[in-house]
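A.B. asks: Single-letter residue listing:
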Amino acid sequence: MTRWFEEIVTNEPIALGSHTFTEQEIIRFGKRYDPQYFHIDPEAARHSHFGGLIASGWHTVSVGHRKMVDRLEAEEETVRAEGGTPGVSGPSPGVNRMDFKAPVRPGDTVSYTLTVTGKRASNSLPGWGLLFNLIEAHNQHGELVYSADLVGFSKLRDYRMPLRLRLAMALRNIPGIGKVFRR
Amino acid sequence: MPNPITHDRRYFEDLAEGETFALGPMKVTKTDIIEFATEFDPFPFHLDEKAAKQSLLGGLAASGWQTGGLSLRMLVDALLSRVASMGGLGFAGLKWKRPLMKGDTLSGTATITSLRRSNSRPEMGILTVAFDMHNQRGEQVMTLNLANLVEVRNPGAGAAQ
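First to last, the protein sequences are chains A and B. Numbering of the first sequence is given in the working numbering, commencing with residue 67 and proceeding in unit increments. Numbering of the second sequence is given in the working numbering, commencing with residue 16 and proceeding in unit increments.
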């Protein structure tokens, strides 16, 4: 989130926008990352229980991630335009749960929603907070396409690093010694 | 009528818990990383070396979603394209342990940890596979438990467990 960790509101759904999947992009993603016949070959896919070509779940989810990144960057622009300093989002430690509920077919429009369901300071990464994010994707018929529980890092605004850690960080930055510390 | 695409592949009954498949290896280039990130994960730390150095990642690293996608591709090549797959159900326990950096080589194993018949769909079985992905130094990069549907050859034989 580009709001600071302290300002992030929980249990408030945020619309991330939608994406219409074309047959061409479904096949292109499938060929690279998930070349099962029902993701890459419309003719062969007719024999599957899906009855036709469907997007790889990994594709649908990757587009959902893109939607989230776009939303964060747009929010960052807004904060800067208002003269504020945006918060900092970090990499994600993982995904606790991902359920694929309905297939995505060529021409389907998928809308994504993000809800922060909880937050706490990280135990392993001083100065950072953890966000528990629920992502839900629905198709144009209102059917749930997938639902997922993701975890994200967000920088704490009001954090002061303890002296012990500041020393350790300083040592890490010394060439030679730093390498040993990073192990 | 049997599915003409998958009729000669391995069915649910042909799989065994504990079976392990070698995945990869595959080297990941800067071009691969930027190509994926441009489309799906355009955070500066996946697109720009300077921004990446200053981030938590410490250098240009693949999007976690790309690391997962490449691992999935390896599983398709090793297993899913050889079984009567009926698509993915979902996954759990996806942990990005360490970033996959520019020039790293990804490899790992996938182990069948569970096989059970679907309660509601007698023609489907649920295959669970545990991924254990590493870089070229043997450091763990990602773990993931993937659930995938596989067609049952003889749905009538033996009730769902």
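Since the hints were made in silico from the structure, they are not lab data. Among these hints, one or two may not hold up.
Pairs of lysine to any residue, SDA-like flavour, derived with a Cα cap of 25 Å [stated by the list, open to error]:
1) B/Lys-65 with A/Leu-200
2) B/Lys-112 with B/Ala-31
3) B/Lys-68 with A/Leu-231
4) A/Lys-167 with B/Ala-107
5) A/Lys-97 with B/Pro-19
6) A/Lys-167 with B/Ser-122
7) B/Lys-65 with A/Phe-116
8) B/Lys-112 with A/Gly-117
9) A/Lys-97 with B/Ser-96
10) B/Lys-117 with A/Glu-143
11) B/Lys-65 with A/Arg-232
12) B/Lys-112 with A/Leu-200
13) B/Lys-112 with B/Asn-160
14) B/Lys-110 with A/Gly-117
15) B/Lys-42 with A/Leu-191
16) A/Lys-221 with B/Ser-96
17) A/Lys-97 with B/Ser-122
18) B/Lys-68 with A/Leu-191
19) A/Lys-167 with A/Lys-221
These stretches of chain A come out as covered by chain B in the derived footprint (C-beta under 8 Å, 3 or more residues) [said to hold, decoys possible]:
20) 104 to 117
21) 171 to 181
22) 227 to 236
The model shown is predicted, which means the values in this text are computed figures rather than measured ones. For glycine and all other residues, C-beta sits at the position ideal for the given N, C-alpha and C.
A.B. asks: Sort out which numbered hints this structure fails and list those numbers smallest first.
C.D. replies: As far as the earlier hints go, 1, 2, 6, 7, 8, 10, 14, 15, 16, 19, 21, 22 are violated by this structure, in ascending order.
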